[in-house]
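Novice: Just need the whole structure built from these sequences, with the hints factored in.
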Amino acid sequence: DKTPIFRAVATSTRPLYQLLRCINFAPRVHVQITEEGIRFAADHSRVMQGVAFLDKALFSAYSLNLPLSDDDEVVDLPNFQISLASFLEVLQIFGAVDVATRAQKAEQDPYRSNLRNYRPDAFSNQALGISGTCTLLYGEAGDAFKITIEEAGVKTTAGLTTYVPELPDDIPFNREEMSFKIIMSSRSLLDSLAEISPTAPDKLAIIASKTPPFLSLAGSGDLGSSA
Numbered sequence: 546d547k548t549p550i551f552r553a554v555a556t557s558t559r560p561l562y563q564l565l566r567c568i569n570f571a572p573r574v575h576v577q578i579t580e581e582g583i584r585f586a587a588d589h590s591r592v593m594q595g596v597a598f599l600d601k602a603l604f605s606a607y608s609l610n611l612p613l614s615d616d617d618e619v620v621d622l623p624n625f626q627i628s629l630a631s632f633l634e635v636l637q638i639f640g641a642v643d644v645a646t647r648a649q650k651a652e653q654d655p656y657r658s659n660l661r662n663y664r665p666d667a668f669s670n671q672a673l674g675i676s677g678t679c680t681l682l683y684g685e686a687g688d689a690f691k692i693t694i695e696e697a698g699v700k701t702t703a704g705l706t707t708y709v710p711e712l713p714d715d716i717p718f719n720r721e722e723m724s725f726k727i728i729m730s731s732r733s734l735l736d737s738l739a740e741i742s743p744t745a746p747d748k749l750a751i752i753a754s755k756t757p758p759f760l761s762l763a764g765s766g767d768l769g770s771s772a
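If you want the working numbering, it's the position in the sequence shown, counting the first as 1, plus 545.
Just so you know, the hints here were simulated from the structure itself, not pulled from any lab data.
Nothing here was measured: the structure is a model prediction, and the numbers come from that model.
Here are the computed distance ranges between Cβ atoms for each label pair:
hint, residue 1, residue 2, range
1, 721, 556, 37 to 45 Å
2, 697, 721, 45 to 53 Å
3, 580, 766, 45 to 53 Å
4, 750, 700, 51 to 59 Å
5, 638, 766, 38 to 46 Å
6, 742, 549, 45 to 53 Å
DSBU-like cross-link-like pairs, simulated, lysine-lysine; straight-line CA separation at most 30 Å:
hint, residue 1, residue 2
7, 755, 726
8, 691, 547
9, 748, 726
10, 691, 601
For each residue, glycine too, the CB sits at the ideal point set by N, CA and C.
Specialist: Given below as structure tokens:
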């Protein structure tokens with residue numbers, strides 16, 4: 546068989562799924578495969594861009610075999626687009642049995658916390674030593690992007706149609722002239738936006754300060770104002 550351009554194997558899809566879910570706001574995502582990992586970029590009307598990079602360290606095996614051109618020069622890195630929603634759906638197949646089991650236990654025990662609900666217990670596939678792998682494969686330019694999920698003797702293969710990349714240039718962002726940078730819990734930001742949302746604001750004002758409160762959000766609309 547012909548050696549594929551790209552092949553990677555992961556023993557867990559959770560980090561892959563969690564990273565890619567953060568940029569799931571566009572129908573398609575641009576994929577670029579490099580020697581160091583896979584870059585996924587999503588664009589929404591040139592207003593918002595999201596980039597997720599899956600480092601090769603996330604995989605137990607990672608190989609990129611770029612063919613040579615007629616001039617014995619290495620061809621460009623693989624670039625294409627896929628449906629991110631479909632990719633995330635396939636990744637959720639991995640560990641579906643354990644997820645269903647944990648969900649059932651959570652319904653039976655209302656005091657079971659969310660944190661414990663996501664941890665493998667003594668009877669999970671991970672604890673019992675049941676192996677599982679997720680293989681990503683890209684044969685050659687124009688081929689489908691294939692994902693093979695194998696767990697407990699059951700193998701599932703899905704082929705995602707690849708499209709010609711149409712991602713525009715990155716939104717200009719000069720890190721040297723950055724006015725402020727804030728690292729915070731995403732949950733806190735979500736709660737703040739949820740409080741402002743009922744006023745149906747047309748615009749959201751973001752105010753940063755060197756003194757408390759370091760970050761303020763304000764919005765006003767037909768139903769009132771909130772900050």
